[in-house]
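Construct the entire structure; sequences and hints are all you get.
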Amino acid sequence: MIRLVRPALVAVSALSLTACAGLTDKLPSFSGKASDAPAAAAKPAKPALFASAAAPALQPGQWPQAATDVAADPTVRFGALPNGMRYALMRNATPPGQAALRLHIAAGSLMETDAQQGLAHFLEHMAFNGSKGIPEGEMVKALERQGLAFGADTNASTGFDETVYQLDLPRTDDATVDLSLKMMRETASELLIAADAVDRERGVVLSEERTRDGPSWRVFKARLNFNLKGQRPPERLPIGKVDVLRTAPRDEIVDFYHRYYRPERATLVMVGDFDVDAMEAKIKGLFGDWSGTGPAGANPDRGKVAKRDLETMIVVEPGSATNMQISWVSPPDLARDSNAERRKSWTEQLGFAVLNRRLEAIARGGQPPFLSAGAFAGDQFRTARITTLAVTARPGEWQPALTAVDAEQRRAVQYGVRQDELDREIAEIRASLTARVAAAATRRTPNLADGIVGSIGDEEVVTSPAQDLAFFEALVKDLKAETVSAALKKAFAGSGPLVFVATPKPIDGNEAAVTAALESARKVAVAPPEAVRQVAWPYESFGAPSKVVEQTDVTDLDAAFVRFENGVRLTVKPTKFRDDQVLVKVRIGDGLLSQPADRQSLGWASGAVIEGGLAKIPQEDIERVLASKLYGARFSVEDDAYSLSGGTRPEDLDTQLQVLAAYASEPGWRPEAFERLRTYAGTLNAQWEATDNGVFSRDLAGLLHNGDRRWTWPSAQDLASAAPGDLKTAFNSALTTGPLEIVIVGDITEEKAIAAVARTFGALPARAQRKDDPMGVVGFPAPNAAPEVLTHKGRDDQAVAYVAWKTDDFFADMQRARNAAVLADVMNLRLTDELREKQGATYSPSVGSVASDVWRGWGYVSARVEVPPALVDGFYRDVAKIAADLRASPPTADEMDRAKKPRLERLTKARETNEYWLGELAGAQTDPRRLATIRSLLAGYERVTAADVQAAAKQYLTEDKAWRLVVRPATAGGTPDKAAAQ
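Numbers -21 to -1, 1 to 961, taken from mature numbering (1 follows the signal peptide of the UniProt record, and there is no 0), label the letters of the sequence shown in order.
Everything labelled a hint here was simulated from the structure, so no lab data went into it. The structure presented is a predicted model; accordingly, all values stated were derived computationally and were not measured. Any given hint might turn out to be false.
Quick list of in silico lysine to aspartate or glutamate cross-link-like pairs, EDC-like style, CA-CA up to 20 Å [what the hints assert, rightly or not]:
no., residue 1, residue 2
1, Lys750, Asp906
2, Lys468, Glu320
3, Lys707, Glu668
4, Lys120, Glu165
5, Lys608, Asp402
6, Lys459, Asp402
7, Lys220, Asp178
8, Lys555, Glu729
9, Lys880, Glu117
10, Lys323, Glu376
11, Lys860, Glu816
12, Lys785, Asp618
13, Lys785, Glu938
14, Lys933, Asp792
15, Lys261, Asp402
16, Lys785, Asp864
17, Lys940, Asp852
18, Lys772, Glu668
19, Lys120, Asp152
20, Lys220, Asp234
21, Lys263, Asp234
22, Lys608, Glu519
23, Lys731, Asp532
24, Lys555, Asp577
25, Lys526, Asp633
See below:
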């Protein structure tokens, strides 16, 4: 797996649109295809370079806290072996009996030679393909026998300057721990990297490159080249070069392995429910004899930041949104982590938070000049520091967007931030940090391990929540707006501005037009920011509290069912899974069940319910007046209900319930929120059509429901004909009068939860009750001998092949549904072994099972793969053979172990979270079958036998029941990449 960028310290406020995910340089996906984008403007023949200074490098085995005034978290044991390998150990019992193990190697694609481009990532793949102590093909199987699922619990990632191996252990007994540590020790220096295994893995790595390629990746590559012109990162993308991946000899991988997988570059991190002294002894005994092989590899020269004036680059990429980034590039800040550096960083971030709040207010207004915008800064790959002003424009309206964000940036630099704006951000951050302190004892083990690993690359000191809060309080005690304003102004210094524009269509006048537009905009004077009007929260009272008319204790689940006199129902389950966390879910009405099958659902615009604010106060003012509170507000359309949900802490439960009760009684329905989402939704079709996975993801739900319009994505005509009033028509009646059920789970008592609901939802007008039969009917596609075909506009070597066999709904027979789920798990093992391990045809084949608990008779087992078009028919043959074999013979005992144990461990983990109980208790008060589901969950899967799996295969996996779908390239003939196919 590729990881492109470590999370940087950025201060982008929580923007409301998914579109804003594209604002940062952190990509959720990756690819390595050469870009067809136009080249950037030529750089000066003899560029001037910034000078930069770095703190002295840490010595082998040294932790950063040894060379700074920042004290490390005292609950973590930091150590080092004589060979230079570092380790960090932390005892944590959330969840109990489990552990997270990480091996960090300080080497990635930046360390590769020209002939090795992509081999750091290739080597990561080879870690799972045989070592001196573990035969090829056995590593993953051995872990599965211990309950670790491949992908979820067993994974790895490669970045520019680091590679991380991760194992999440379901138990901390000696057998599981010793095997896991052995895996890491074998990875460190004992990999075989056999030539035949390398050749088999080439197709898998090429599939990963192919799968992740798309407009966003090509735009990222072009932007990286533009911002870091002449530096090393754009020349060393983790996926590397396709020709190298296809032809590089084994010796090049071995060379990289020996030069960079060395103890002085390694850090082992382990967090979990174990004795730290005993674990330390195991690590010393197992890793103490590790020494490097041959000469050590050097750290590369990453290049210098050149001084540049205003430059513009346009990339025309069909399928991309219209995104712009104005960047200022300067040398990286390589100073040692210290209290002074943290004060500087926090002060700057507070300034960005104010600026982002202003940008968000503009995006929420009527006829906004852009869909979303944000400003942030951070070091990239210890190569450059980049401050970025990013904006997603409305289609075809790049110039108003550019003008607006430029004006807001200049306004912030010229006039600074106001004290009231700063105080708001301080209040919000203080509330978050305070909540982290309260929850510190029940932080989840994998998150803690990942946090420690995340600090390694930037040589940051690991600190505790209490330390972070104390530092923040000391910082803001006398912090003035003038100080923050100065820090924000300084952040926009550096080379540039560099203007990067990604657009699906050419811009008239090309780069010269964009440059001229910015220069013209910058000549217009900006006025000081307008003062923000003061508002009060108008929803503290909903009337007289309601009385409880019925209460039932569900003692075996430690839950209570409550009904108020106005018909509102409450299910409450106090837990200690996480200190200071309370989750709330409100289910109202019947969701998709109540919508007509021949009418487009407005689920695509559901975000506008929250963004539209409340009748008495807009969303922007809600966030400001409640800045010191912790609460959440999300609206979604589910199969059998409309849902309002949020997360809070015990002291803010009243506020959380007030917010949700207000949305359930007086939503604002402001048209600006609807229009913003409609504009955004209209940009997505072209983005999806640019890749096979995009088309597949967009269209599959509608196809699996036999064309039912409630599950299809809206066409351009649907969007054009929709009106803001449609949202109110679709949802208002259900929200304000429909059956209403609340689930509260977390660190709260029954008494307090009941009292808080009585004061809010209990004070609302009477609600209707749910109907007796909650299930509906929806179609499933008819079997087909020849696949249904969709096309995409992406690469010629991209295709998705899919097959689904109809099964049944969950409640028709719960045990039979669980049998089918284990059947899918076994089938996934076999398909992965055949297509990935033996053939090297694909990166990540998948098999899954769905059994609806809402739609009668609706369920399926499915298999999916991404392959070149030439291999689609082979996929169907392989799947058919696996299905036939499972019909003919039951799976082996080993396969049953490797299928059931990871599932059971995953479910056991889930039951120790508030999130699980919030979802599973929803609807349980009026549908007893859901209680039976919870009670029988683990036992139901434990009792699945090999004979049950075979019986399920005989019942469902027959050729005459299969529905097939292929997404192929739309180009002439869909000519596959023959080399990749081979």
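Violations among the numbered hints: 3, 10, 15, 21 and 24
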